[in-house]
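Kindly produce the complete structure, drawing on both the sequences and the hints.
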Amino acid sequence: MTERGYLFRFLLQLSAVFAFGALLLFAALFLFFSRPIQGDYSSVFFALRHLTEFSLPMVSFSALVYVLLVCGATAVVCVYAIHKIAGPIYRMERVIESYIAGEPVRRVSFRQGDQATVLAESFNGFIDRVREDRQAWMEIVERADEAGRKNPAAAQEEMEKAVALLRKAVSKYR
Amino acid sequence: MTNSVTRRRIMYIHPRLQGGAALCFAAVVVVGAALFALVVYYDLKRALWQTSYMGHFTFQTPYQVVDKILLTHLAGLFLGVLCVSVAVFFLLVHRVRAGIGRVTDVLKSSGEGDLSTPTEAPGPKSIAVYGSQVDAARAHTLSRIEEIRAELDFLSSGTQAPGEFRNRWEALKEKIGRIAP
Chain G
725 MTERGYLFRF
735 LLQLSAVFAF
745 GALLLFAALF
755 LFFSRPIQGD
765 YSSVFFALRH
775 LTEFSLPMVS
785 FSALVYVLLV
795 CGATAVVCVY
805 AIHKIAGPIY
815 RMERVIESYI
825 AGEPVRRVSF
835 RQGDQATVLA
845 ESFNGFIDRV
855 REDRQAWMEI
865 VERADEAGRK
875 NPAAAQEEME
885 KAVALLRKAV
895 SKYR
Chain X
75 MTNSVTRRRI
85 MYIHPRLQGG
95 AALCFAAVVV
105 VGAALFALVV
115 YYDLKRALWQ
125 TSYMGHFTFQ
135 TPYQVVDKIL
145 LTHLAGLFLG
155 VLCVSVAVFF
165 LLVHRVRAGI
175 GRVTDVLKSS
185 GEGDLSTPTE
195 APGPKSIAVY
205 GSQVDAARAH
215 TLSRIEEIRA
225 ELDFLSSGTQ
235 APGEFRNRWE
245 ALKEKIGRIA
255 P
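Line order of the protein sequences matches chains G and X. Take any residue in the first sequence, note its place counting from 1, add 724, and you have its number in my numbering. Take any residue in the second sequence, note its place counting from 1, add 74, and you have its number in my numbering.
Please note: incorrect hints may appear among the correct ones.
[Stated by the list, open to error] With a Cα cut of at most 30 Å, we get these calculated DSS-like pairs of lysine-lysine:
{"id": "1", "chain 1": "X", "residue 1": "247", "chain 2": "G", "residue 2": "892"}
{"id": "2", "chain 1": "G", "residue 1": "885", "chain 2": "G", "residue 2": "874"}
{"id": "3", "chain 1": "X", "residue 1": "249", "chain 2": "G", "residue 2": "885"}
{"id": "4", "chain 1": "G", "residue 1": "892", "chain 2": "X", "residue 2": "182"}
{"id": "5", "chain 1": "X", "residue 1": "247", "chain 2": "G", "residue 2": "874"}
{"id": "6", "chain 1": "X", "residue 1": "249", "chain 2": "G", "residue 2": "896"}
{"id": "7", "chain 1": "X", "residue 1": "247", "chain 2": "G", "residue 2": "896"}
{"id": "8", "chain 1": "G", "residue 1": "896", "chain 2": "X", "residue 2": "182"}
{"id": "9", "chain 1": "X", "residue 1": "199", "chain 2": "G", "residue 2": "808"}
{"id": "10", "chain 1": "X", "residue 1": "182", "chain 2": "G", "residue 2": "808"}
{"id": "11", "chain 1": "G", "residue 1": "896", "chain 2": "G", "residue 2": "885"}
{"id": "12", "chain 1": "G", "residue 1": "874", "chain 2": "X", "residue 2": "249"}
{"id": "13", "chain 1": "G", "residue 1": "885", "chain 2": "X", "residue 2": "247"}
{"id": "14", "chain 1": "X", "residue 1": "249", "chain 2": "G", "residue 2": "892"}
[Said to hold, decoys possible] Derived coverage of chain G by chain X (criterion: at least 3 residues anywhere in the stretch with Cβ under 8 Å from a Cβ of chain X; other residues may be distant):
{"id": "15", "region": "751 to 762"}
{"id": "16", "region": "824 to 836"}
Calculated directly from the structure, the hints in this document are not laboratory data. Keep in mind it's a predicted model, so treat the numbers as computed, not measured. C-beta: ideal position from N, C-alpha, C; glycine also.
Written out as structure tokens, the structure reads:
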């Protein structure tokens, strides 16, 4: 239904995004905490206390930037990767709409790399079966017509026989 | 047959599926980041507060105080978000597979003649919507078959006026031809 390679690639891309986000967060916090502390005991004491007060907005801001960047990148990865599943579903929806509208339906095929090809296979299988049955019913009707043309006296009887056969054939659908 | 020449230009074509999945992962990232910020803030505050009493030791930068806390929590954030996202991902894949599997089974049974059992596909809403469209296609086919059945019932009833049989016979042929054009 979905290739293993496709799933693996998606997870790999997601991991890369999260790793990139974590590295970015590390870089921001590293820069903030890497400013040198100089001076005597009291200046170090006050510098550290001061840093404590500022760490909340700094951590919050860094986390917010992380959220925005990672969510944005994740959304791009999702849209791009899930397009391989969403595309076939979208395509099938359009095919079904045209089928319901009574337009001729061709066999559905997907692009290379598209996932969920089973959607097309199962729909094609359904249409093929219905068409096979339609063809069989048409053959019954044409045989009756042919027999009627050869022997006009028996035309009515041939058609009635065909009707009985068709009634049996159609009864499978419910 | 695949067509590799023409390419799809619009990537965001199924907001329910693509946007829904993106929102699931975004929720994991937001929760992870919020927990990270909360825990890191309290740990940093405690570490810096405790270190301030040891200011007579030499510190080149505060990073020397907070490095272990930062690295540990960043690793935790990365692994936590990744693990939960992988779980969410497999849950999504499972739900999509369940939905598509149901639609596939229904289409197979439709080929055998069952055109009326509702699909009721589980999983994401987009799959359920697709299932309802498949149901509409099956209902459409069944309605065409019902029209044929009505003609057949009339033709086999023997109540038709002379000459009408031929007309209805032609109508029957036309109705058969309209199935799955």
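>> So, against the hints stated earlier in the document, which numbers end up violated here?
In response: none
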